[in-house]
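*Asks:* Protein chains in written order, with the numbering used here: chain A, 1 to 347; chain B, 1 to 347; chain C, 1 to 347; chain D, 1 to 347.
Because the hints were derived from the structure by calculation, they are not lab data. Be careful, since some hints might not be right.
Identical chains blur together in the list; that is why a pair holds if it fits in one copy or across any two.
[Claimed, not checked] As a list, the in silico BS3-like pairs of lysine-lysine whose alpha-carbon atoms are at most 27 Å apart:
1) Lys288 / Lys151
2) Lys233 / Lys11
3) Lys47 / Lys343
4) Lys139 / Lys288
On a predicted model such as this, the values are computed, not experimentally measured, just so you know.
Number of protein chains: 4
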Amino acid sequence: MNQSKKITILKIGIIGLGYWGVNLVRNFANLKDTELKMVVDSRPERKEALDKLCPAAIFSDTADELLNDPEIDAVVIATPVFTHYELAKRSLEMNKHVLIEKPMTSSTKQAEELIEIAQRKKKVLMVDHTFLYTGSVMKMKSLIMNGDIGKVKYFDSTRINLGLFQPDINVLWDLAPHDISILNYLIEERPYSVQATGVSHTHNGIENIAYITVNYESGFIAHFSCSWTSPVKIRMMLIGGEQKMIVFNDVEPTEKIKVYDTGYEYKTDEDKKRILVDYRTGDIYTPKLDMREALALMANDFVSAVRNGTTPLSDHVSGLEVIKILEASQESIKNKGREVIIKNSFQ
Amino acid sequence: MNQSKKITILKIGIIGLGYWGVNLVRNFANLKDTELKMVVDSRPERKEALDKLCPAAIFSDTADELLNDPEIDAVVIATPVFTHYELAKRSLEMNKHVLIEKPMTSSTKQAEELIEIAQRKKKVLMVDHTFLYTGSVMKMKSLIMNGDIGKVKYFDSTRINLGLFQPDINVLWDLAPHDISILNYLIEERPYSVQATGVSHTHNGIENIAYITVNYESGFIAHFSCSWTSPVKIRMMLIGGEQKMIVFNDVEPTEKIKVYDTGYEYKTDEDKKRILVDYRTGDIYTPKLDMREALALMANDFVSAVRNGTTPLSDHVSGLEVIKILEASQESIKNKGREVIIKNSFQ
Amino acid sequence: MNQSKKITILKIGIIGLGYWGVNLVRNFANLKDTELKMVVDSRPERKEALDKLCPAAIFSDTADELLNDPEIDAVVIATPVFTHYELAKRSLEMNKHVLIEKPMTSSTKQAEELIEIAQRKKKVLMVDHTFLYTGSVMKMKSLIMNGDIGKVKYFDSTRINLGLFQPDINVLWDLAPHDISILNYLIEERPYSVQATGVSHTHNGIENIAYITVNYESGFIAHFSCSWTSPVKIRMMLIGGEQKMIVFNDVEPTEKIKVYDTGYEYKTDEDKKRILVDYRTGDIYTPKLDMREALALMANDFVSAVRNGTTPLSDHVSGLEVIKILEASQESIKNKGREVIIKNSFQ
Amino acid sequence: MNQSKKITILKIGIIGLGYWGVNLVRNFANLKDTELKMVVDSRPERKEALDKLCPAAIFSDTADELLNDPEIDAVVIATPVFTHYELAKRSLEMNKHVLIEKPMTSSTKQAEELIEIAQRKKKVLMVDHTFLYTGSVMKMKSLIMNGDIGKVKYFDSTRINLGLFQPDINVLWDLAPHDISILNYLIEERPYSVQATGVSHTHNGIENIAYITVNYESGFIAHFSCSWTSPVKIRMMLIGGEQKMIVFNDVEPTEKIKVYDTGYEYKTDEDKKRILVDYRTGDIYTPKLDMREALALMANDFVSAVRNGTTPLSDHVSGLEVIKILEASQESIKNKGREVIIKNSFQ
């Protein structure tokens, strides 16, 4: 008998069976060598939904039952943002690995504290930035890494649609984590500062439209436009390199990424007075993308981290760095667009 | 003999025969009851272009010849921005009516001084904000005026493409005047402040990407995104009202304006804790647009102002208000995005 | 006790658990006052799929079990086309109501025989032309019925993509039933003749590209273009009326129907020699569509027909008329495009 | 003195100053080493248009003046189709080279007679199939020639819009020559037969909607859809090869050609009963196209043929082969879609 080959089944619990929780249940229930043992939602009527999705899982309306179950190895937290810190902290302290929905926490301080606990407890702490696992982002990463694009000069993201107004977080905390996590993944340089503006059209002061500019010492610049109140749905990123430019249009069903063989060169004339810009425009290339479900790949990455100690793509550093930009942007909005310096990462 | 019916031919001179000057020559040469008498360009080789376009007009390589010609009633200035003030001032002082290409001047101070001279000299001073004369903008104006859209809440404009880098002005002064003039025309409320960010990828410090947020006391917000370095050409405006929303997509050949019968209502629940947003989505309406050439209508509006004393759509107030936002934005960019208050209009 | 209000549960059986069968199971399992009692597929390994979809249903690998079950009131047939006639005939003879996937049968003769049996047995015989239940088709029907479009002059349909080659039927029998059923539903006039062409790029002679022209005595014309070998997916219909024209673009996610306020009028000049055509172009209207799942509405329509004796939208007449055009087209293709007259409907 | 280097100025006359004639005047007036000596139009009021376009050219309202002018070397015929034969014949007999607008003549017989005269007189006889000189068609030709696409299996063209009804020719003779000339240029195999259908919605019997299928012995198939009565403008060609497929979308401003790395392979299973089709889908490539004006290149090709005896791309063979397909299609329409065999080319 070769015991070393025996795979222990990993037991998973999920807290929160809302819109995204349903997708998590579906994916974790189908994972090899794992068992989705329990799902928690404070609304008892969600039991029915769970019974349809995964009759084998236990339903509970209290997180305590899950946290106190010594068999559960890992917890997936898919509750409103303001509860992330508390639930993740308790999970880690009960020696469970943790996967948190984006955004990781409500503040940098909370995120840093969770990371400290996870390191002390030697547990995986991961954030679900699902977009990093899409074929589109993987393709952009490889185009940038292999030098095809040249030095990257700007990143411009628009994510607007008619969206649900969230009662506890503004449009930035709701929509921008997707794009900021992509930015941080694609670009190695860390941001220097942010400037942000926004407006609330409700009397609770929660912004429904917001804009962020992220500045870098090298001159690279990133800009985000977010809105819950656009009649058209736009999900578009432009990434400009010195050699080529990428357009990522996520509302296209398949032709999501286009690479424009377009660049420009600057020179000054003899008197150093005039800038001459030479454009070069060429072919466009629309690569075939990996169309596997990103959420399944993310779930696998979490399980692999728990089982094999690998570092997931969307780890807690990625989670923290998104929070830093969100927090600084929030501060900038509240200070009428004043530049806010991003604190250095503590690692 | 009924002398009152006799129309005196209006004599026009144009300074600057560049890309846009060619369009001006074509339009003014075709205008009824006017004569394009002289065209000035400092490059003598432009005479050949003029001879093809309008052989009847005199070519000169010096503005003095034009300004000193007592027969010329009105001057159209289509030279680089930094020369506008000087040329317009001299024209007005020679008792000529003046039409200036956008943007009107390099500063608010210059614009105000020109207005003061024009008023003293009782001459027309107009700015060519051509977009105000397009079927698209006229349709949007009427949709807003007749109350169809409801109270307007936001205005979001993107104007990006692979553009010529201008040696003397940045992307804001080059591209944003179009969109700011439209904003000011559509919205009666005057702006309170701006915040702007941007970046220069050349070593002369002239921004090639810039973003402006314009704030209003009522909570209305406007945002502009401008770039000379985008691989795709986007010319899009979103205008959100409480009843309906407008999308103006200027790269569409004919279906430029779409009106979405989409709105949202806010209420709070009993505890005043949660915002409930009700969306209403309905039909989309794509109105037929007046497809006449906007530049011809603008030229007519200038001639009518000179002849009949009417106030043109795109008058010097419109010109000045664009400059105020540009100047404040420039100041904000140089101050790292700090909010800059817009001075009240002097009229 | 009011016994007349008691609703008897209708018991349903489905034969065929392929791609479409899965959708049928999902919809019939969710229907009110019905029970999906049994699902048959000759491949025993499909039991697993059924257990996930609807654990309450019995799986069988033989149709006999279903046909011999006296409790089963109605049978849904979702097997390959060549088996439709045999299975439907046996079902009707066992006194069961029948819903057949499109196309109804392999020949007009078979379809007519089934209709005769259904009428004798007083059973519902319906064909699943799902498209008739979509919001798009319902909207087009009402636009035509209420006279908005004016007299309809032509119908042009393109349905092409990279599709699975069917081993037993050609591209016409696979794709055109959708569009022909829509044509027959929208247009009251019955066709006079067809001409069809096509090509097979495989050595089994089964056409993978085909074109049909359908002629009408009034001068109305319809044309269908079908292909399994197109790199782009096109699902487009143009319907031209004397007052307005409709474009139905089914690959658009929401803006599927556009109504062009465009028409033309013919007149002859005095000599009757020249045709003068006046175009009128106006606004475009994009109606909001009912986005409910068409298949659920179709399933309800079947149940209502069984329970209440109503005539379903997609009844056996609709099914037969599609077969007539397909059969005539097939004959025309085999006769090098020769015109084939459509036989009159027997009812 | 090296007299051999002296270039004689070629003198050109144009007959017909309609919509397309204006473009011809503009292009021939700008050609090097040629002189546009005379332009003829039977409507004397067209003199004004000519004076604006090319004041140096003589206007005449009778073709005789042009044909009798011994100085004129070459004649461009841009009159209604029914006059082509007569004017071209007289020009050739007056020893002038001839360029005719598409379609070449009203019948195969006329085209063959003109070719015979041109050969006897040793004069250039060319047809203006402008599309062959576009960057799009040149790119498609090279993609097919270099084997990238693999064996070509089908060609599907749609050219529909709201078009002017022509009083003398139907929609086929008006629109299809563009697409047929492209087909004949791209595909070396000559067609075997055609089948065509169509309808006239006017009482003069001139078809405003028509469809052609062109058959080839190898199994290659081409299909054309033409309409003057479509609310949307579509100009699309699909070309399917065994290795890749091309989509040419001519309403796109720049991204007109897309090459899909998509193919399919057929095999039969062991029993030879089922066709298995393997699809392969990959990247999409959007090549940069030569954006020079096609009409200028065509004019140059004509002048080069006259001067140097080269064979133009769009020669009389190309012209004749288009007429053959049009004539056979017309015959097929009049015979209710019956297959009409294309006569072999006489050269």
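*Asks:* Give a verdict on every hint.
*Replies:* Results of checking the hints against the structure:
1. Lys288 / Lys151: Both: 24 Å inside a copy, 23 Å across copies.
2. Lys233 / Lys11: neither (38 Å within a copy, 43 Å between copies)
3. Lys47 / Lys343: neither (43 Å within a copy, 58 Å between copies)
4. Lys139 / Lys288: both (9 Å within a copy, 22 Å between copies)
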